[in-house]
Amino acid sequence: MRSERASRVCIVVLEEVEEDEPSSSPPPPRPKSSPDRRSHHASRRAAAQEDKPSLLRAIFNVDPDEVRSLIFKKEDVNIQDNEKRTPLHAAAYLGDAEIIELLILSGARVNAKDNKWLTPLHRAVASCSEDAVAVLLKHSADVNARDKNWQTPLHVAASNKAVRCAEALVPLLSNVNVSDRAGRTALHHAAFSGHVEMVKLLLSRGANINAFDKKDRRAIHWGAYMGHLEVVKLLVASGAEVDCKDKKAYTPLHAAASSGMSSTVHYLLGLGVHVNEVNAYGNTPLHLACYNGQDVVVSELIEAGANVNQSKDSKTPLHMAATHGRFSCSQALIQNGAEIDCEDKSRNTALHIAARCGHELIITALIKHGANTAKRGIHGMFPLHLAALSSFSDCCRKLLSSGFDIDTPDDFGRTCLHAAAAGGNLECLNLLLNIGADFNRKDNFGRTPLHYASANCNYQCVFALVGSGASINELDQRGCSPLHYAAAADTDGKCVEYLLRNDADPGVRDRQGYSAVHYASAYGRTLCLELMASETPLDVLMETSGTDMLSDSESQAPVSPLHLAAYHGHCGALEVLLSSLLEVDVCSPDGRTPLSLACSRGHQECVSLLLHHGSSPMTRDYTNKKTAIHAAAMNGHPECLRLLMSNNNQHINVDAQDANGQTPLMLAVLNGHTECVYSLLSQGASVENQDRWGRTALHRGAVTGPEECVEALLQRGASVCVKDIRGRSPLHLASACGRVGALGALLQATATSSHTHTHLTDNQGYTPLHWACYNGYDACVEVLLDQEVFKKIKGNSFSPLHCAVMNDNEGVAEMLIDSLGATIVNTTDSKGRTPLHAAAFSDHVECVSLLLSHGAQANVVDTHLRRTPLMMAALNGQTNTVEVLVSSAKADLALQDTHRNTALHLACSKGHETSALLILEKISDRNLINCTNAALQTPLHVAARKGLTVVVQELLGKGASVLAVDENGYTPALSCAPNRDVADCLALILNSMMPTSPMVTITALPALSLTQTVINHHPTNNHISKGVAFDAPPPLRPDHASYCRPERPLSSISVDDELNDSDSETY
372 MRSERASRVC IVVLEEVEED EPSSSPPPPR PKSSPDRRSH HASRRAAAQE DKPSLLRAIF
432 NVDPDEVRSL IFKKEDVNIQ DNEKRTPLHA AAYLGDAEII ELLILSGARV NAKDNKWLTP
492 LHRAVASCSE DAVAVLLKHS ADVNARDKNW QTPLHVAASN KAVRCAEALV PLLSNVNVSD
552 RAGRTALHHA AFSGHVEMVK LLLSRGANIN AFDKKDRRAI HWGAYMGHLE VVKLLVASGA
612 EVDCKDKKAY TPLHAAASSG MSSTVHYLLG LGVHVNEVNA YGNTPLHLAC YNGQDVVVSE
672 LIEAGANVNQ SKDSKTPLHM AATHGRFSCS QALIQNGAEI DCEDKSRNTA LHIAARCGHE
732 LIITALIKHG ANTAKRGIHG MFPLHLAALS SFSDCCRKLL SSGFDIDTPD DFGRTCLHAA
792 AAGGNLECLN LLLNIGADFN RKDNFGRTPL HYASANCNYQ CVFALVGSGA SINELDQRGC
852 SPLHYAAAAD TDGKCVEYLL RNDADPGVRD RQGYSAVHYA SAYGRTLCLE LMASETPLDV
912 LMETSGTDML SDSESQAPVS PLHLAAYHGH CGALEVLLSS LLEVDVCSPD GRTPLSLACS
972 RGHQECVSLL LHHGSSPMTR DYTNKKTAIH AAAMNGHPEC LRLLMSNNNQ HINVDAQDAN
1032 GQTPLMLAVL NGHTECVYSL LSQGASVENQ DRWGRTALHR GAVTGPEECV EALLQRGASV
1092 CVKDIRGRSP LHLASACGRV GALGALLQAT ATSSHTHTHL TDNQGYTPLH WACYNGYDAC
1152 VEVLLDQEVF KKIKGNSFSP LHCAVMNDNE GVAEMLIDSL GATIVNTTDS KGRTPLHAAA
1212 FSDHVECVSL LLSHGAQANV VDTHLRRTPL MMAALNGQTN TVEVLVSSAK ADLALQDTHR
1272 NTALHLACSK GHETSALLIL EKISDRNLIN CTNAALQTPL HVAARKGLTV VVQELLGKGA
1332 SVLAVDENGY TPALSCAPNR DVADCLALIL NSMMPTSPMV TITALPALSL TQTVINHHPT
1392 NNHISKGVAF DAPPPLRPDH ASYCRPERPL SSISVDDELN DSDSETY
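The numbering used here puts the sequence shown at residues 372 to 1438.
Keep in mind that the hints were calculated from the coordinates and are not lab data.
Careful: at least some of the hints might be erroneous.
[Said to hold, decoys possible] Pair ranges (Cβ atoms, derived):
1. Gly-741 x Lys-585: 45 to 51 Å
2. Lys-1293 x Lys-1162: 37 to 43 Å
3. Pro-960 x Gly-1043: 26 to 32 Å
Using N, Cα and C, we set each Cβ at its ideal position, and we do this for glycine too.
Please model the entire structure based on the sequences and the hints provided.
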């Protein structure tokens, strides 16, 4: 049977990581099958044949007569195997034209696709069967069919040297440059596969020689990478660019050099390509060749003049060779002038890299050619530091040179002995100790080599250092001895045991008051604890290690070993501690017990162990007065909660209240821990308890809890009507927070209760509908409006519609109007302001337009300052609203407020130039232009005083009087003065300059005398209009702002968060 050929080609992809560029090597050759293996495979194929349909067996047996017979017997010619291959696929794969013809004439689908979307034509082309291809094409096989990799039959032909097949396909194609999923054309595949004749055919039929794939690689890249010299020559002769770059700036020379294709490299260099061209990572072809150990290519590139020291990030080709131990490459580079001690960006030379990677031969070669063994690299380390740290003892021997001070430190004060101790290689350590390295030398952190050996649990190094006389109880700057570090890291206890046997003191405390017992407890080192307990009882150790409350407070450990073990869930360590210590409920500085910490972290085994040893679940902390039950419920650990509540030896109060009156049930609901809620309710937790702010668990469920929690509380009889100290029920909070599911459940419970509707208004008279409208929760508004009780406006006269338009919730506003009728658009609050006032105040144009379209009165005045919506908008500079009101609504511009200010006065008084101009544009009446307010000021007075140049110019153009006098006797010109004294001076000067000017005369000033003191003082002006703040609801943030964190008091909402009462001066 013919072996199946690949229907598509997998092109090896050149990838480059940030520092290293891995070589792309060809796959290893497949091992030749032995006779026994071949017979085994033959038997397996025979067994497989038995499982195939009879038609397929006949096709694979190449028996046309049998195929005819089976077809005559109505055998299904389109039957599919488990990979959706039909008999026609099989015949095409075998290249049997006679059977293909027979199947097609019997109804076989010529373009059937298998599970890889391969058609019979793909299979025939892959098998290089010209006859089969001809038959399929005769029966209209789709030459443009694509498989799952978007490859057409032409791609498959190009990959499989099927030149004759390609010749049959090309005339039927409109474009030979069709790309597959990776963007590669048939020419890419032909170049990759090295098919010269196929490349010629494609080029002769118009293939684009410079077409690039999705990584911008061209055919010449792939030909060069695979070393197909003849293909490369043909491409170059046909006009291919030899210096083209892909997305990573790889040239064909980079590709050939990286894969070691020396003949291709030689040819490309002969064409004059730039030998030192760098890719996106700053690497030349020489870098890649050195990195991949391509010795012949390295020599070729050096002979062509490649720069042996070039690099973008300071890594030379010699660094690349040293990284992977390319000895031959390094030799070639050194012999051709490579700089031996050239540093990379981390200050490392090639010798540092070779030492770190343990390449002894390269180290020898570099030292032989003069490499400086005492040159500092990264963090000021010598090559010997790196070799010792990486545990390469042979490299250490070669780097030890005469005259070298073995105790020379790096930038952190660490000697080579520190590095060897951290690396853990005994041979390196002994080598340095034998030549006199100081084993008690401290680094900048106060640590000796023994600290590093202990921290890395290198027992042999610890043994050697202690045996050499290293100080075993030496403390570093943190106050830690080697035993501290060993206790934290030693899993098998060997280092700790050896240190203890050599008089290490387990009672020594670090600067925070922690002993080795604390470290072992925090990291769960059970064996270490047992070893220390066997030396000295732990209760005795604790009395001498800072946990005795009567000892010096400055050296107190913040928490006990029990706390650390419980918090981190180290049950084994906890058991050792509990068996040695008498006090189980020892408290931390804030009063937390180990049981409370274990519950908050959900460590069930630790909780069970602590309860077994008599720990009390009802012990409270000092600050928040929370128990372990609070901790488990608040953090959502139902199993811990069950363990606490099933503790029969203790009196458990599931309704215990913390400092803020919160029960475990409240905290569980607040944080949405449904399982904990169920557990607490099953143990009889009360749903009626209230915290210090009068809020129940149901209040919290309405804000943050899942619907399941709310429903569980309601089923247990939780009251929907309970109000907090601000008069808000769970309905208010659910509406304000947009919790539509919880709101539905609460409303349903309300409908079945016998309570009146008094719970629907809070202390300011706001209903749930007010809150939902203010925050724009459409779904909640819709649910509320379905209730009969909300079909009429109730509560605070600042209506839900006011709330909606105040916050630009147009959708909600429209919903209210549709449900409650258009008459609500003209409802007024206690100060006579309509929703249009509110929308104008906030400049929500869409809401303004919506209200106007439903009959809102544009000229209605409030009862407080008698201002219209236009006045509100003008005063606050709401330009968009002003434009809508003066243009679309035809607002009356002549109306005046209680201070006789028009909208134009108000706009000018606050310096809102654009709003003033929009109003002026609609004014043609000179009387309105010169209209005065209660202070006898015209708009020109006000605009001039505010320095509104454009407005003044426009007013003058519309006939504003420059001689109008206000109550102080000032014309608009004198109004520009910053104060009355300046105005009087200006009047005197003008009078002297122009005594006959009608503009101003000295007699115009009322009783003006330089001796009068009144001229220097401003009388109290009762006509100056007050700044207006609109009396809207506050941000209406729901009470759940205080629910965000359990520790935050629920009453911490500021006054600004509350709805103001309708009599307040602010909106």
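**Report entry** Status of the given 45 to 51 Å range, CB of Lys-585 versus CB of Gly-741
**Finding:** holds, 48 Å
Report task. Please test the hint of 26 to 32 Å on the beta carbon pair from Pro-960 and Gly-1043. Result -> At roughly 31 Å between Cβ atoms, Gly-1043 and Pro-960 fall inside 26 to 32 Å, so the hint holds.
Requested in this report: Return holds or violated for the Cβ distance of Lys-1293 and Lys-1162 against the range 37 to 43 Å.
Outcome: Since Lys-1293 and Lys-1162 have Cβ atoms about 40 Å apart, the given range 37 to 43 Å holds.
Against the hints set out earlier in the document, no violation occurs for any number.
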